[in-house]
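Protein chains in written order, with our numbering: chain A, 40 to 261; chain B, 692 to 993; chain C, 164 to 418.
Hints are computed from structural coordinates only; laboratory data are not their basis.
Note that this is a predicted model, so its numbers are computed, not measured.
Keep in mind that the hints are not guaranteed to be accurate.
Simulated restraints, written as ranges between beta carbons of each label pair [stated by the list, open to error]:
1) B:D816 to A:V237: 53 to 61 Å
2) B:P852 to C:L231: 49 to 57 Å
3) A:P97 to B:E799: 54 to 62 Å
4) C:P310 to B:P975: 53 to 61 Å
5) B:E901 to A:P89: 36 to 44 Å
6) A:K55 to C:P190: 38 to 46 Å
7) C:A195 to B:E951: 51 to 59 Å
8) A:L241 to B:D816: 54 to 62 Å
9) B:P852 to C:A195: 26 to 34 Å
10) C:V376 to A:V237: 36 to 44 Å
11) B:G728 to A:K55: 23 to 31 Å
12) B:D961 to A:K55: 43 to 51 Å
13) B:P873 to A:P89: 57 to 65 Å
Each computed DSS-like pair below joins lysine-lysine, with the alpha-carbon atoms no more than 30 Å apart [stated by the list, open to error]:
14) B:K884 to B:K797
15) B:K762 to A:K121
16) B:K985 to A:K55
17) B:K755 to B:K944
18) B:K776 to B:K755
19) B:K845 to B:K928
20) B:K845 to B:K884
21) B:K762 to B:K959
22) B:K762 to B:K950
23) B:K990 to A:K55
24) B:K762 to B:K985
25) A:K121 to B:K776
26) B:K990 to B:K776
27) A:K55 to B:K944
28) B:K797 to B:K845
29) B:K762 to A:K55
30) B:K755 to A:K55
31) B:K942 to A:K121
32) B:K944 to A:K121
Here a beta-carbon is modelled for each residue, glycine too, at the ideal position from N, C-alpha and C.
Below are the chains, spelled out letter by letter.
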Amino acid sequence: MNVDWPWPWLPRNVDKIAAALGEHLYLALLPVLVGLIVSIPLGWAARRWPGVRLVLVPLAGVLYTIPSLALITLVPLLIGTKIIDPLNVQVPLAIYTIALLVRSVTDALLAVPGDVTAAATAVGFRESRLFLTVELPLAIPVIVAGLRVATVSAMSLTSVGALIGIGGLGELITEGFKRNNAVEMVVAIALIVVLALVIDALLLLVGRLITPWTRVRQGASR
Amino acid sequence: MKRVIAGVATALAATLAVSACGNSDPLAEDTPTNSSGESITIGSANFPESQLLAEIYAQALEAKGVSVTRKPDLGSREKYMDGLKDGSIDLIPEYTGSLLVFLDEKAEATSSEDVYAAVQEALPDNLIVLEKSEAQDKDAVVVTEETAERWNLKSIEDLVPHCGEAVFGGAPEFQTRPNGIPGLASRYGCNFKSFSALEPGAITTKALLEGTVQAADIFTTDASIAANNLVVLEDPKNNFAAENVVPLINKDKASDTVKETLNAVSAKLDTEQLLELNAALNAPDKPEYSDVAKDWLSKAGV
Amino acid sequence: MDPREAGGEPVNSTLTWLFDPDHWSGPTGIPARILEHLGYTALTVLVAAAIAIPLGAVIGHTGRGTFLIAGLSNGLRALPELGLLTLLVLLTYVGLLPVVISLVVLALPPILAGTYAGIRNVDRAVVDAARGMGMRGGAVLWRVELPNALPLILGGLRSATLQVIATATIAAYVALGGLGRFVIDGNNAGAGSPDGYPQMAAGAIVIAVLALVVEGVLELVQRLVVSPGLRDTATRRRVARIWRRPTPDLVSKST
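Can you build the whole structure from these sequences, using the hints too?
This is how it looks when you write it as structure tokens:
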């Protein structure tokens, strides 16, 4: 049986594609943002208290290992949502983001050179100001690296939700599959990949822009 | 530091803006402004014909000024019945035979009239069916032309001696439905070698044509049957009862306007029309459900 | 569709389904599906390793073709498995081969990256010593670089295995077996049925537990197999420099 390649489908369905795209971004990016915000205090706590680190790091590893289809399916059990609730995809994505970024934040904070911290404290920086204006900015490159991985993963993972009816571009994939429409499938796949790479590049750019000192350092060492 | 704050703030704002662009409730559709003050939510199952019928109902009702919310592709009957019960949807196109068996496993009725009457009795208080249409779309055991020749098959009874060496393909729920695999086993003594769970539609036909499965559950109005010279096996023991298309609706939403409109649609639908509609949907340029529905409604003069 | 309607307490009904002895026997039972699942995984990882380890070793040893490593890792990270798998099935046929091919494609990057990093990471002094002893290219690769690269190669294999275990859940969508079967079938059965959400959730639990058990086993294997001289943090820091990232285990999660 031949696969159909109805190219006219594409211009005719720009609205549908745009709507699916918007939904996909909502499903994928909001949890990453939330995950980022949550990871920072968690990472701070893990850096500060080795006991917390001892619990959080293995826990993060365990959570990250659980396949997404499993978590997406179990969310209704854990927080009582209905089966086609977008939260079922967003909660696992947030969990994966936190699991990934807590490590990054912790490692980055631990890597801040001791003399920098000492100098700042000597000049009179209190702990909160030290954290916000010295340690966190120095940690940004590492956090951005983790954020990039988390975002690209999230864009791809969101499509798994389509298997149990939770939207985004994944639904274009399953619909195309059911109706023998390869164009619909290819468009959805391509959009996911392109979007993910574009966002990845944007994050890299923003990361570099807000940390001018890393560029200087790299230039000098070459 | 200011630069950092500015950068992070921009990034956050951008993310929020972008994710807000997305529909905050993916299940909700924009409800158009209406003139009759009535509103109704129409759902559909996870196969193209159901979605098309739902779209036809939707557009017919909208033409009469009813405000319609669409919730398409809700899954199998087992899944969307919950939606009807809890009010997430009010109306869905249904098929009398399968609906009856779902409501009453032991139902014996097979003819159009008997099944329709039995359905009306079996439905819970808050749900009713409107007038049934002549159009039928039944489950069926379908084989390729080649298989039919090889094993000399005209009816399911002819298949029985070969069931043990055949793999059957169908939707996952066919495996447990009373008129699915269990029905074939108990009525015909047909026990397949194994079952392959496939999405209804193109992929099931594909698996049948490629020989991955030797027999499959393909709906009788599926355009691929004619397009590929597939053979629908006869069902002398009536495992698959009559399946007239009928609107299943929440009693409270069945206003006179709604009833009249949908009954008019049902009157114009017959099996021939369904076959044509499916063929139109299956055309190589993959038209949207809304376009095919619109065409049909204007031609049918509803 | 509210899971709470699935016969009362969803947790109870899930556990009931999970521990029902009927569900643990026969060709559609949990053990059978676990075996199928592990079978797909093993086959995929073997094929992917057969391709990626030699490729990564050659690229790492000769230093040519490094664009492949970066390019593949980046691009494939973003590729949605559901899309690749279903598209391939649609383009070819419903069966094991297209599924394995799409799984292999996704398993390649971690193994490739791990092997490449492993080879590059080998202490130049060791390689020099080997050359000084008279070993030529192939021997250096085979007898010195690869054994020293073992921890990272194993790391890549571990990563790939976990990835495939997660992705193989999707195979059920295209009529194959494996643990995804419970999620897909349960999803179609509807929340009101005892074989609906309880089956989905029970399947999800088995999937999660299997992933964790395999990860634990592989961690153990890695510890046992890797030579003690390579287990220190100096190795990890050296590798970190190769990737210009803080730690190399920022593994992307694609399923």
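Review point. So which of those numbered hints doesn't the model satisfy?
Key: Of the numbered hints, 5, 12 and 26 do not hold.
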